[in-house]
Amino acid sequence: MSEGLIIGFDLCDNYTQIAIYDEETSDAQEIKLTDESDEIPTTICKVRRREEWKIGEAACEMALLGSGIAVDKLLRLVKKGGVATLEGRTYTAGELLDIYIRETLGFVTAKYDRKIEKVIYCVKELRTPLADQIVKSCEKLGVKRENVKVLSHTEAYLYYLLRRPAEQLTNYSVLFDLSKEGLRYFECNILRGVTPNVAQAEVSDLEEGFSLDILESEPGRKLADNIFSSCVQRRFNGKIISNVYLTGSGLTGIQDWGKKSLSILCNRRKVYLEKALFAKGAVWAGMGDAPTCTFVCDGRISASVGMNMTVGGVAKNITLIEAGERWYDSSASTEFYLDGEDGIDLIITPAGGRKSAVRRIPLSQFPQRPAGTTRVRLELSFSSENELGVCIRDMGFGEIYPASSEVIENRFSIQ
Amino acid sequence: MSGLLLASSPLAKHPFKVLETGLLIYSAEELCYYIYNNYYLVDDDFVDDDLLDFLRDELGLSQVADRVATVREEGAGTHLVLACLMREVHYYPEASIKEFLQKYESYRHNSPSNRKIIRADFLMEKGHFLAALRIYHQFDSGRRDPSLGNEFFMRVRQHMAVAYIKLGLYREAMEAFEAAYSCKDSPELLKQIWQFSNFSGVDMSPEIKGIVTEEDEAQWRNDYDEVSAQGSLLATTGYTASMFTKDSVRRKEAVNRYIEMSKKNYRAAIV
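Chains C and V are the protein sequences, given in the same order. Note that this note's numbering has the first sequence beginning at 7, numbered continuously upward. Note that this note's numbering has the second sequence beginning at 1462, numbered continuously upward.
Bear in mind the hints are in silico, worked out from the structure with no lab data behind them. Honestly, I wouldn't trust all of these hints.
Unchecked claim - Residues of chain C clear of chain V, computed beta-carbon distances all greater than 10 angstroms:
(1) S217
(2) T316
(3) Q374
Stated by the list, open to error - Here are the simulated EDC-like cross-link-like pairs (lysine to aspartate or glutamate), alpha carbons at most 16 angstroms apart as the crow flies:
(4) C:K265 to C:D231
(5) V:K1652 to V:E1687
(6) V:K1587 to C:D262
(7) C:K142 to C:E152
(8) V:K1652 to V:D1684
(9) V:K1478 to C:E405
(10) C:K266 to C:E224
(11) C:K142 to C:E101
(12) V:K1474 to C:E405
Stated by the list, open to error - Computed, partial: chain C to chain V, Cβ under 7 angstroms:
(13) V317
(14) Y343
(15) E405
Just so we're clear, the structure is a prediction, and the values are computed from it rather than from any experiment. All C-beta atoms in this analysis are idealised placements derived from N, C-alpha and C, irrespective of residue type, glycine included.
All chains, please: the whole structure from these sequences, using the hints.
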């Protein structure tokens, strides 16, 4: 039994779902966040004239009663670097997210009376300002950096899938997610012919505007069934799909409104309705013993980055960054000497070992020195799964040729 | 071979100091470069326990240090120990190491006194004047080896004088020049002494003054004026002269660098 809680969050602009690892069942388990639901709105509300905060449904209620001031769309606010003024005081989006994370984590730890071991957030789209802010907010609560992860929904889906029995992983496994964020379709295929196996997943926002409000009335439910069933037919066209997963608050009651859709979905396929699937996937990501698999999806680096170099007298191709690593946690650095070179070539190899491309970065602005007497530090980092940042620094050659202050910075797509 | 060499280790936090020159070395590659390009300064005891500890503890190159230590303990010559070190670091290709061994061996075939003066001259060339002076002075102490001849000792003292000039110690430079002349009467040297006296304002001794004829003086004055016009005597070194052609910010940087260089020189000399 682990000492603390492994908590998975599905954190979206409109809702939050939470799951934890349950030692008794050895499974990820969603948490009931209100009496009726396992999700709450991602809303925060400041109680008037008090330094007290409410979150979720309680926040919405308080705002409706006029005894508090609510802020919603927190994640969008963070991405924009926005602020909110509440009772004359301006709060940055970061400060508001700090409070929201503090309150939600406080709720979970109080409920189970255990401290946090790991906390994994999954978000719709993994981008730097939001991921950085989530990590910072957790660190402020005393959670160590190495115990915080931020994933994309697609990664969480893959982590979830890889925990399923092997028979559920044949052919394509697809997921429909209908939530307050809209209707999305995820398609996963596991390539078993390569070592390690490659788990490929793609996500697409379905073009049909699908608001959960239409499920409130009978004609609306009929319309929803028509839209969803045509959507399913289009997506399944010509593909061998064995397993279908359904998640999101919109699909929880599909038995009541989606008979037509279900008849297509269940035709020679297994269909699983899963609550808080992304939050559960996040929990599995935190367990850290997932089957070895290279992930190819959003949130993961789409190509390996390497260089040709002489290592111990032997010419070698060294890999600095592997395709399939999480871009948010990936960086690499190396130091080498320029032996008559006036530039460096980065070799970009897309996942699956397709044809490599070479990207040359000229170093003409570095001081001219004899061959072998310029030590260079190369640092690689990512700002998204496809955008590589390169920083090359002239380190000189000790006191023999002191370093200049020359630094070359470059950013380019590896797609 | 590719045009990029992977560094053998991170840079040392605590560098290795080469006693002879005061140079601080931060990597195994710098060490190999130093040996390759400064082999006149590499003694039999260059690869000592301190250097092996540096490789082991600072650079994390235990395997390299152990192999070099083994070769050294087997009693191999310095050239083989150095070659082993260079081969293990892989900074130079084998052809360059062989070339180095040839040059090093041919240097080692010189007599100890010749090796000493080659080393001192090399230090002068690299701007380590005090370190060079320390070696030149060794020829003054103890018994003089008669087999070296007067010409040799004249050269030593002449070079000492140049080192003193570079350090701005003109009186000592004059004494060294005159001592050189006492080793061998050389008209060329006499001319140098007269020119130096003129340039520095340091008087020649009455003995030397007595040797200089009026005719010589007239001729040398003529030559001196020509040289002065070119300004070559006024610029003590190319570096100092070039400092004053830079803009104010770069000049300040260059002056600071020059002061640092001089301080380092001094520190190296007093070790």
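Cross-check of the supplied hints:
no.	hint	result
1	S217	56 angstroms, holds
2	T316	5 angstroms, violated
3	Q374	15 angstroms, holds
4	C:K265 to C:D231	7 angstroms, holds
5	V:K1652 to V:E1687	14 angstroms, holds
6	V:K1587 to C:D262	90 angstroms, violated
7	C:K142 to C:E152	12 angstroms, holds
8	V:K1652 to V:D1684	10 angstroms, holds
9	V:K1478 to C:E405	11 angstroms, holds
10	C:K266 to C:E224	15 angstroms, holds
11	C:K142 to C:E101	10 angstroms, holds
12	V:K1474 to C:E405	14 angstroms, holds
13	V317	5 angstroms, holds
14	Y343	4 angstroms, holds
15	E405	5 angstroms, holds
Going through the hint list in order, the structure does not satisfy hints 2, 6.
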